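Visitor: Following the hints, complete the assembly by docking chain B onto the known chain A.
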Amino acid sequence: MSRVSDYSWRGAFVARLIIGFAAAVTGARALWVGCAPDPKPRVYFANHNSHGDFVLLWSSLPSHMRGSTRPVAGADYWGKGGVRSFLINKVFRGVLIARSPTAEDPNPIEQMGAVLEGGESLILFPEGTRNLEDGLLPFKSGLFHLATRCPDVELVPVWIDNLKRVMPKGRTLPLPLLCTLTFGTPLKLLEGEAKADFLSRSREALLALTPEEA
Amino acid sequence: MDQQTLNVFIAVGLFLALASLVGQILKWKKGATPVIENLNARINAWWVMVAILGVAFFFGKTGVLVLFYLLSFFALREFITLTQTRMGDYPALVAAFYCVLPFQYFLVYIEWYGLFSIFIPVYVFLLMPFLASIGGDTTRFLERTAKVQWGLMICVFSISHVPALLTLNIAGYEGRNLLLIAFLVLVVQSSDVLQYIWGKLFGKTKVAPNLSPSKTLEGLIGGVASATLLGGALFWMTPFSFLQALGFAFVICLMGFIGGLVMSAIKRDRGVKDWGHMIEGHGGMLDRLDSVCFAAPVFFHLVRFNFT
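Protein chains in written order, with the UniProt record's numbering: chain A, 1 to 214; chain B, 1 to 308.
Watch out, some of these pointers could steer you wrong.
[Stated by the list, open to error] Below, a list of computed lysine-lysine pairs in the DSSO-like style, where the Cα atoms sit at most 30 Å apart:
{"#": "1", "chain 1": "A", "residue 1": "40", "chain 2": "A", "residue 2": "140"}
{"#": "2", "chain 1": "A", "residue 1": "169", "chain 2": "A", "residue 2": "140"}
{"#": "3", "chain 1": "A", "residue 1": "169", "chain 2": "A", "residue 2": "40"}
{"#": "4", "chain 1": "A", "residue 1": "169", "chain 2": "B", "residue 2": "267"}
{"#": "5", "chain 1": "B", "residue 1": "27", "chain 2": "B", "residue 2": "200"}
{"#": "6", "chain 1": "B", "residue 1": "200", "chain 2": "A", "residue 2": "169"}
Hints were generated in silico from the structure; no laboratory data involved. Keep in mind the model is a prediction, meaning the values are calculated, not measured.
Looking at chain A on its own, in the form it has when it is part of the complex (with noise of 0.2 Å):
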């Protein structure tokens, strides 16, 4: 699969105007408190509160490593075709998955794992639905899944902050809020890791980012 081909330019120019509009309303700003910026294969896991969340987790990586990072998308919302199919397609190459796979489905872990082992990488976000409170729901199993397929790959934790306000559940105009995404220390399966306690590991690492309140 050649990465040029299929980001084509009428993807290239409206990702240029997705990441603009995404910085001049957010101000996003990329702390890579635990690790560097490095284009190789890792899965960044976040917290999701809103739907932009993955746009300005990708539009804040640094251009080397936006085309070779992939978000983790729904197939049933995605997947409709028109306007959201030329976005999740062409603009941010998201790997579309079922949210709950029937027989002839594609296993998502397989999937997942396929653009791993191409050597991209994967925006995830392990909460599997997005979270209207404060703070993180507990994680699915998807994360520990996908570790256990491909253990040699890191697991970055990227806290982003502040989002929430900027576009609040069910309201149409953001707010121009300055927003804060922090990319923490990677971490990988343990051997022999009971599922329980490397989901509630890896929770406990993105919480560990969020900014304290005073």
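Guide: Using the frame of chain A, we list chain B on its own:
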């Protein structure tokens, strides 16, 4: 831009060149310590800020209005980002960013002093709590409405008094009001810089250790005195006599100092050192404008009362 304004910019440019030279010599002699690196970052940022101000002045009233509109926007965004609001504040915040801010600058543009000077303190003050109450969320209601109103007063109302100086009709000073802005900005910012320099050189006694650990009595006295003298020496670009310019400069410096303290208190309460990260070495937009916010309205009204 007339010859006098150009001269001011040339003088500031020469001064910055000198500052850059000193900064490089310090770095060469003492090595790149954090203080010296920060000093050089500050000087470099000053070059950019002076250049932006120069471009705005070149385009006259419109340029200055657009510039200060943007400064108000960046300041308000830093202020609201740092203060906690709730989902229920969304209508009030939308109104603040998309209605109040543009309308206040529109009023300056059409020079409607009567409404410009009471729009935010009266009308917005009364309407904002209504918008905040629509959602039915009464949690910390008074605190939340106070925060939004405060942000608008400081970041929009106060800062808009700088371009509003262009609307004053001073007999015998027609067409030169840009220099009044240059006077205010020069005095208030040189007061900040001189307080910093005096403090770094001779500072021992802390003025307000809980609010701003870097502010010292020596820096305050030396900075305010020298910036006041500078203001007096700049009387030729104002409608004031030497003594009047001295008096105005003193008031500007004092208000600037008060502004720095008050805005520091808010930062300390929120547990941060800087308002933001927009300006390399300085912090956020509000870290640079805190003294302007407090000096501009007082200077505006003193000039308006005494000279128009």
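Visitor: For every hint, state whether the structure bears it out.
Guide: Results for each hint:
no. : hint           : result
1   : A:40 to A:140  : 25 Å, holds
2   : A:169 to A:140 : 22 Å, holds
3   : A:169 to A:40  : 34 Å, violated
4   : A:169 to B:267 : 29 Å, holds
5   : B:27 to B:200  : 16 Å, holds
6   : B:200 to A:169 : 49 Å, violated
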